[in-house]
Amino acid sequence: MKSKKETFLQFSKSLPRKPYFLSMIILIFFFIMLGFIGRNYYSAYNLTTKFRLWMPLLLVALGQTFVILGGGLDMSVSSLLALVNVVTVRLLMSLSGSPFQVPIAILAGIGVGITAGFVNGLLVTYLRLPPLISTYGTQIVWGGLALRVLHQSGGEVPFSWYTVYSSTFLGIPFSVYLLALLLLGVYYLKRTGFVTQLKACGGNIHGAYESVLPVNKLRIQSYMLCGFFASLAAICIVAETVTGNPLSGSGYELESISAVALGGTSLAGGAGGFLGSILGAIVLKLINDVIFFAGLGVNYQVLAQGLIIILALAAGGQLTKQNTSRAQLKRRKKV
Amino acid sequence: MKNSSLTLRKVRLGFRNPTVIALFLCFLILLIGNLVSPGFASFGLIVNILVVASFVGLVSGGQFLIILGGGNGLDLSVGRFVTLGAIIGGVVSQKQDSKLILALLAVMVATFLLGLVNGVGVTHFRIPPLVMTMSMSIVIIAIIRFITGGIGVPGASKLLQKIITGKVLGIPGILYIWILFAVFLHYLMNNTTFGVKLMAMGTNDYAARLAGVKVKRLRTLLYGFSGMIAGITGFLYLGYLSSVYNISLGDKFTLISVIAVVVGGTSLGGGKGTYIGVAIGAFLLQLMESFLVTIRIDQSMRQVLFGTILLVIIFMYGREQKMQN
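Sequences listed follow chains P and X, in order. Using this note's numbering, the letters of the first sequence map in sequence onto residues 8 to 342. Using this note's numbering, the letters of the second sequence map in sequence onto residues 991 to 1315.
These are calculated hints, taken from the structure and not from any lab test. Among the hints, erroneous ones may be present.
Claimed, not checked - Each computed BS3-like pair below joins lysine-lysine, with the alpha-carbon atoms no more than 30 Å apart:
#1 P:Lys11 to P:Lys57
#2 P:Lys292 to X:Lys1242
#3 P:Lys12 to P:Lys25
#4 X:Lys1262 to X:Lys1206
#5 P:Lys57 to P:Lys292
#6 X:Lys1206 to P:Lys25
To be verified - Each pair of labels, with its calculated beta carbon distance range:
#7 X:Thr1193 to P:Lys25: 53 to 61 Å
#8 X:Lys1085 to P:Arg24: 56 to 64 Å
#9 P:Ser103 to X:Ile1287: 30 to 38 Å
#10 P:Pro23 to X:Asp1288: 50 to 58 Å
#11 X:Ile1287 to P:Val305: 19 to 27 Å
#12 X:Leu1245 to P:Asn47: 36 to 44 Å
#13 P:Thr250 to X:Val1099: 43 to 51 Å
#14 X:Phe1136 to P:Asn295: 13 to 21 Å
#15 X:Leu1021 to P:Lys25: 56 to 64 Å
Unchecked claim - Coverage of chain X stretches by chain P, computed from C-beta distances (three or more under 8 Å per stretch; other residues unrestricted):
#16 1059 to 1072
#17 1105 to 1116
#18 1282 to 1296
Since we're looking at a predicted model, the values are computed, not measured. Each residue gets a CB set at the ideal place from its N, CA and C atoms; glycine is no exception.
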């Protein structure tokens, strides 16, 4: 048995080589900065509000991580968010008064998300279409379907959704509980070996196939998980805005992919982790706050946002380069 | 006997050729369109569709070079480069014909340099092209806002408009530009060392480096070219629109240029494809959209159909290899 001190030492030594190291450093830096320049940034009210607004991106980034680890890419999440959003709102409206209104609407929304993910998975695996272009195609299709369900923003959602979503229990907001629950689920998937098998698919798909892994099944499941997380994100947006919007998710596909990349996950698949994606998503959201409190003009805000993302990604690239060369050195020494 | 089977095989292979399929689909859509609404395949309408397709085709040229260069290359900032080109062109030329050359040069230099930044990020800092170019498009929108300052931009000069839309032998000037561009790119790919190096790099990065291709430098240059081509297209687009109506006028080019490249038979893995195919792909996409407008389906259904047809086309030849092989 190792002592506690030893495990801690080992952990702190391996920390710089963790994929999420960089986003963690940036995050800590941002938090310290916000402590100085952000007026009352750390008030409980502000933090719960912020977290609620971050929630959709966090969820989408988590879902995207599954797909990217499996060697794919999902560009369709943006319009999937819109589709789930309008389906849920439409059902809520047409079922108003019925006792099962809320569960049916939520389940239908999640069902749409998972089905969409399943279709994406089928296209990528059994039909062997390239992930980027096929999910671009489904992005167009989902967007069209969303407009078909609800042709302009509107619709009424019971206000109780917002009350529940923004409520706190024991001082901790509802959304944090939801995220914790989902992270438990992710942890479970890690324990069962699903994530490891998925990484094997992403890292070397032919090798995984030859080791008798159910490659296609795993990849389809990763897309379905992505759809599931996207639909939850859409439901969070519905609860936050209390209305339907067929254009609600635009931009989320690229934002979630940048969050995953910032979190140290390789976009080629096979390496990375979920904690990194969460940190990456929070970094993306915090950039705006930091720049806002720094008192820059709107134009500088946009410029700084782009530059900070590029710099962070560049630093991440250098870090992985260093790590790989270090690992190579080690291997050479052993030989 | 052997000879005839060989020709048969050639014919069969021809039908598997993406360019041939795309061309065939173009004719099919024209035929059906003409049956549904007579006059769809008239000369005037086809020219109109070609004019709209030409801008997509030009932008796709840069995208094509990058995707061909391999390494998961992709440029998601082309749309913003188009906008930037239109705006710099408008600001520098100030509606005066005499400053047109100056404006073109300004557009070329600015977009080429910004494109190089993309390339440096991808090659030297190992940022995945997807996120690098996407972040770059955020930077470019900021630059655009600095230039305009939120105020309207001077539109195109008379001469520029004349060059783009003025007809010679019933064909607008932009189409001649497109044809010249296509011939140039075709020549570049087939008759120069640049083309050979590019193909080698796209097929196998490592082997190309061993064979003496300066992979990093070439790839960086490609991003510069893509930015420049998109910028020049934006400048020409200004002549077509005659004014900059908003600062998102180029955004639609980003997605459609990638799709046109794939529909034209270029593999996303790099090292395979021709510009002629890409040009036909751009025309096919525009034709499809016009067709869906012609048969009067509402916008949402049109989008669904467009996406589905796209998936079917990619299914026909854009597929990846089977796992067993």
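Within 53 to 61 Å or not, the Cβ separation of Thr1193 (chain X) and Lys25 (chain P)?
Once the Cβ atoms are compared, 35 Å apart, the range 53 to 61 Å for Lys25 (chain P) and Thr1193 (chain X) is violated.
Is the hinted range of 50 to 58 Å satisfied by the C-beta distance from Pro23 (chain P) to Asp1288 (chain X)?
holds (56 Å)
Does the structure keep Lys12 (chain P) and Lys25 (chain P) at a Cα separation of 30 Å or less?
Distance of about 20 Å is within 30 Å: holds.
If you count the residues of the stretch 1282 to 1296 of chain X with a beta-carbon closer than 8 Å to a beta-carbon of chain P, do you get 3 or more?
As far as the stretch 1282 to 1296 of chain X goes, the hint holds, because 8 residues have Cβ atoms under 8 Å from chain P.
Tell me if the straight-line CA distance from Lys1206 (chain X) to Lys25 (chain P) falls inside 30 Å.
Given that 30 Å is the threshold and the Cα spacing comes to 28 Å, the pair holds.
With a cut-off of 8 Å between beta carbons, are at least three residues of the stretch 1105 to 1116 of chain X near chain P?
holds (count 3)
Beta-carbon spacing of Phe1136 (chain X) to Asn295 (chain P) - inside the hinted bounds 13 to 21 Å or not:
Between Phe1136 (chain X) and Asn295 (chain P), where Cβ atoms are some 18 Å apart, the hint holds.
Can the restraint linking Lys292 (chain P) and Lys1242 (chain X) be considered satisfied, given a maximum Cα separation of 30 Å?
With Cα atoms ~25 Å apart, Lys292 (chain P) and Lys1242 (chain X) stay inside 30 Å; holds.
Given the hinted pair Lys1262 (chain X) and Lys1206 (chain X), is their alpha-carbon gap at most 30 Å?
The hint holds at about 20 Å.
Verify the CB-CB distance for Leu1245 (chain X) and Asn47 (chain P) against the hinted window 36 to 44 Å.
Holds, at about 41 Å.
Coverage claim, chain P over the stretch 1059 to 1072 of chain X, checked by counting residues with Cβ within 8 Å (three needed)
That given contact holds, which follows from 3 residues of the stretch 1059 to 1072 of chain X lying within Cβ reach (below 8 Å) of chain P.
Is 19 to 27 Å a correct range for the gap between the Cβ atoms of Ile1287 (chain X) and Val305 (chain P)?
violated (40 Å)
Hints 1, 7 and 11, counting from the list given before, are not met by this structure.
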